Every structure is written in C-alpha cells, then in structure tokens.
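Visitor: Between the sequences and the hints, there should be enough to build the whole structure, so can you do that?
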Amino acid sequence: MGKRIGAGTLTKEHVGKEVVLKGWVHRRRDLGELIFIDLRDQSGIVQLVFNPDYSREALEIADKLRSEFVIEVHGKVIERDPETVNPNLKTGDIEVTVSEVNILNRSKPIPFLIHEAEDVSEDLRLKYRYLDLRREDMQNTFKKRHQITQSVRNFLNEQNFLELETPILTKSTPEGARDYLVPSRIHEGEFYALPQSPQLFKQLLMMSGFEKYYQIARCFRDEDLRADRQPEFTQIDIEMAFPTREDIMELTENMLKRVMKEVLDVEIETPFPRMTYHEAMERYGTDKPDTRFGMELIDITDIVKDCDFKVFSGPANSGGKVALINVEGNADKFTRNDIDGELTNFAKGYGAKGLAWIKVTDGKLTGPIAKFFTEEETKALMERANATDGDLLLFGADKAEVVHQVLGALRLKIAKQLELIDETKFNFLWIIDWPLVEYDEDEKRYVALHHPFTSPVPEDIEKLTTDPLSVRANAYDVVLNGYELGGGSIRIHDYEVQKKMFEVLGFTEEEAHEQFGFLIEALQYGAPPHGGIALGLDRIVMLLTGKENIRDVILFPKTQTATDLLMQAPSRVSEKQLDELSIKIVEEE
RNA sequence: GGCCCGGUAGUUCAGUUGGUUAGAACGCCAGCCUGUCACGCUGGAGGUCGCGGGUUCAAGUCCCGUCCGGGUCGCCA
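The first sequence maps to residues -18 to 570 in my numbering.
Honestly, the hints are just simulated from the structure, not real lab data. Mixed in with the good hints there might be a few duds.
Below, computed lysine to aspartate or glutamate pairings styled on DMTMM-like, alpha-carbon distance capped at 20 Å [to be verified]:
(1) K539 to E529
(2) K269 to E404
(3) K108 to D545
These figures come from a predicted structure and were not determined experimentally.
Guide: Shown next, in the form of structure tokens:
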C-alpha cells in the first residue's frame, strides 16, 4: 500500500514508480481493448492507461467507469513515447498504467460536464454549485482568494495588528443600508440586525485600548444586487488608534502592494495618485474613475453661454453645466442611427433629456446642431476639445450632477465598446476631500456621505453648523480600475463634534441617545483619536482574477433576487418556529 | 419600483411570413474499435418549446399576464 499522490504532481521524476491515485473520472476514451481515462483531483489531471497486457481485470472495470465516478487506482508511472506526448497537459509526457482500480463512488449522469461548465447557464451552475466548483478555473479562483487573504493577514500581523472578532447579532441603527433583521425569541417583538459592517464595534475597540485591529469580516446589506454587489460580502476591516490620514493611506498602499506582488507578481507604484472628489467628478463624472483611458469630460459651459442652441445656452446660464467627451478618431464607428438610437437611449437612462453630438470632418463641425455655433464659438470649442478630423463629440447639458452622470457613463460604455481599455493595467488611486454631507431632497435633510462618525477635516469644523455642504470629510476612498475597493476616514473622537454631527443630520438629542447612546457615552471616557478603512475583499479578488462578476469569486453566491439556488434559501419556516418568535405572516392580496 | 436582454432535448443553440411529424452539435444508452487525448465509426433513446390565458382554421413563432435568470436606474452611510 503506497501513499496517495496528486495526479497533477506527477512528472518524469516518477517514471518507474508504483503510485496510488484517487480522484474523479474527468474524461474517458474507450478504444475497446484499450481505455484511456483522464483522472482529475485537486492537483490536476493525469492520463490513466488500461491495457489488457497489464491487467485485464482493471480494463474490465474501466469499461464500466463513467464521468465523475470516484476511483482509486494503483499503477506504474511510465514515460510516454515521443509521438504520444500531449503538450496540452502538464503531465502530458507521462501516464499511469493501471494494475488495479476500485470504484469508490458512482455518479449519475451529471447535468453538465465539468469541462464544459464554463458555457453553461449561470442558474444551472448555481443550482449545482458543487459541480461548477470542480472546474479548474474555479479552483484557481478560490486558491487565489485564499492567497489574498493570507497575504493580507501576514502583512497586518507583521504590523502588529490583532485579528479580533465582533458580533454578528447586533443592533439595528438608522442611516445607511437596509438591515437584515433577526427576530429575538426571548424578547418578543424585538430584533437583532446583522452588521452592515463592524463600524461601531471597531471604534469601540479603539476605545477599549486595542490600538491596531483588523478582521476579515462578513457584512450584510439588504439592498438590491448588482454584478459587483452581494447581500453578504466580505470586508478587510482595519482600525487604528492615533493615526493620521497619511498613516492609514500608507498602510493600505503597502498592504495592496504586498498583495499584488505576492499573488500576481505585479509591482505597483506607491504612493497612489490622489484626486479630490471634486476633480474626479469634473474630469470623469464619477467618484470612482477608471483612469486606464482618457476621454475625459471637457467643460464648455463658458463657450456656449451665448450660443443660439437653447439646449446649451439654457443650462449654461442657469447654474447648470455643458460638457463633452471627445471620442477621438472614431466618428465613423457610430452612425447617426447609433447615436440617436442606442446612445441616446443609454443617456436618457441616466437622466439626460437627449444626446447632442457633432462630428468633425474636413476641419469643420458637422451634424444637426453644428449650425447653431458662430465661427468664434466653433473655433473655441474645437480648441478646447482638441478636436480633429474623425472625432465624435458627445455633449451633456443639464444640472452638473446629470451631466457628470451621463457623460461618465457614456465614457465607460464607449471605451468598453471600442476596446480602449488596457486590461493589463492596475490603476489604483485615492479619492480624497469628500463632502461630509449632502442634502437629501426626499428626506429634506442632510445625510452623511460616508457615515455619521466621519470627522470633518480640522479646518472645516467651524462650518459644520453654519454651512454643512461646504465641509470636507477627513475621508478617503481607494479606487482600482473604476471600482471602489474601499474607503475609510478619521473618525470623530470628540463628544461635542459628534453631538454637532447628529444635530446636522437632523437627530434630536433624544433620538441620538436612543440610537447611539452607547457611542456618545463611550466618547466621554477618554476615547482616543482613531481611524481606519474597510476594503471589499470580493471586489479585490474579482479584479485580481479578471472576473467581471462578484458571484464568480464567492463560493455560494445569491442570485439577483437574493436567493440561493442550491440551498433554496430563503424558505418558509414552520408555524411552531414562527410562534416561538411571536411572528405572524400577513399574506398580501 | 422602472427600463433592457434571455428562457426550445441532460447541455449549448437553430427554428423563415403563424402552416405537415420541432432540428443540430455535445452528452446519454447499445455495438464495434490497442495509442487515444475534443478518439473514431454505426445505431438508438431523449421535448409540458418556463407557466397561465388570449387571437387564429392553425401558435415555439403574435398579444396580455406571470415566474425564473442576467444587466442597469433608483437603492447601496
């Protein structure tokens, strides 16, 4: 009885050795009196040969083997003849000739073959996730995910951070995302909430004297899903006592640098470029710009103020904005139909009323709106846009917010369509100087852009009550290739400032005490200055494995309607369970 | 909640202007095959065209509703 060896680990070094292999039947090639089987285990694939000259008994069993049967084989590693070497297989220069085979388990014909699962519809893959996960690509993804978390842990451990756990059953608080609620059996009519993040706990840990904390933390938010959003996801959660903003940013940069090096063997430049929120909105129309390509937004509000085109001069003269993106040299890729149809519809989806456009031909502006501009305006416009023959200019004219959204989205869509993005690049950058609060038209009050515990930059504290909208937050987001990887801030540690912040957000003193009394109190017992950051682990894995979808880097993800197709969750529960929780289901009409 | 795309054999798909018995490839089953590696060859089985309703002499195809999956806007401190 030899010891089991991994199929994918066999090399020429093993030639002549007797080995024991255990794994799955990946593929079978039955030539009658000669059968080949690709045996797959976690380490890889090796070809087994069943030859009657070696063992007729084994051949007869091999005849009965089917895809995904689990087998144990004893055999000898032999070198392949040069003409039968398979260069597509890592173990292709050897094979194992089998003397004995045991069927450890059988498999029904499976819904899809492992080697073709890549092309199978996603709902079927999710229903049979344990089959989908047998694929080499999936195995590699989760190996990489493991490497990333280990790399993060090693780095933070070396920096003397403690990995500490915080509760999953916690308190529902206002602000932020919708909570997942868990009914309490013992306290009738009361609920725990699953944490949207360990935010308050990690701040309390700083007040508890743990000066450097981290956690690979599961977080829950009951909001609608997207390609890069799941209702439960994982954050690399970090908090420090006594840090400056620079400390956290440098720590984050070094951590990401280490991960990129260890996992992808890619060197990234630090420090990362920094951009203010304002600049990001002006140049890219978004707070998470993809800087791997140009096509930046160009403001032309001043140029079109007096032009005859009311669609432009209107917003330009009433506090709005007119801007354009220049699709350089690609005017011929878009017909008038493409622009007035698909692109215009796309723009309308982001709040635009329409989509004005101009093409540049023979040094002149062409298209239906070109006639509205005087010679001077044309000249200024072309100069500002750096427009030359073959360019397509797409315009946004509206409130600045709408212009940013529309052109920002168009910029991305067109870059993808024209393949202008260098997929090998990793463009990390910081977005800083965020507004502390914004005005919510629906709720008729200020809401925190980050969260209510984010401190203003020191020089703006004065304006907190007089002009909240102008106050900059001491916050920072790290962005990679157009995705928000994470964000953090220096927190409020001053009781008075925190009280003022709640006031600005429209909390009465009573409400503040009811919801955050524990924090307000803790701040009064020697809370140290503190701050930190949280990074979305799933998104990091997604970007580092080149996936376009967060579900591909989560073992058992949920569908867009937040269901688990494998376990069939959520599900009804028994009357008895409901009774114990004092819960009654009200069926909708 | 809104908008968009999709749902036909186990899987991936095709299916014309609404018209005879809904096809292909892979997989599956059986037989043959000693150097295959996407093995090959021969034969076979396999369909609630997501579901419900409507229009029509006739619906996979057109209309309405609904369910499921995906993308996105709102939402996500």
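Visitor: If a hint holds in the structure, say so; if it doesn't, say that too.
Guide: Here's how the hints hold up against the structure:
Distance hint between K539 and E529 is fulfilled; the C-alpha atoms sit about 16 Å from each other, no more than 20 Å. With a C-alpha separation of about 17 Å, the suggested pair K269 and E404 falls inside the 20 Å cut-off, and the hint holds. For the given pair, K108 sits about 8 Å from D545 by alpha-carbon distance, which is consistent with the 20 Å threshold.
This entry satisfies every hint, going by the numbered hints stated previously.
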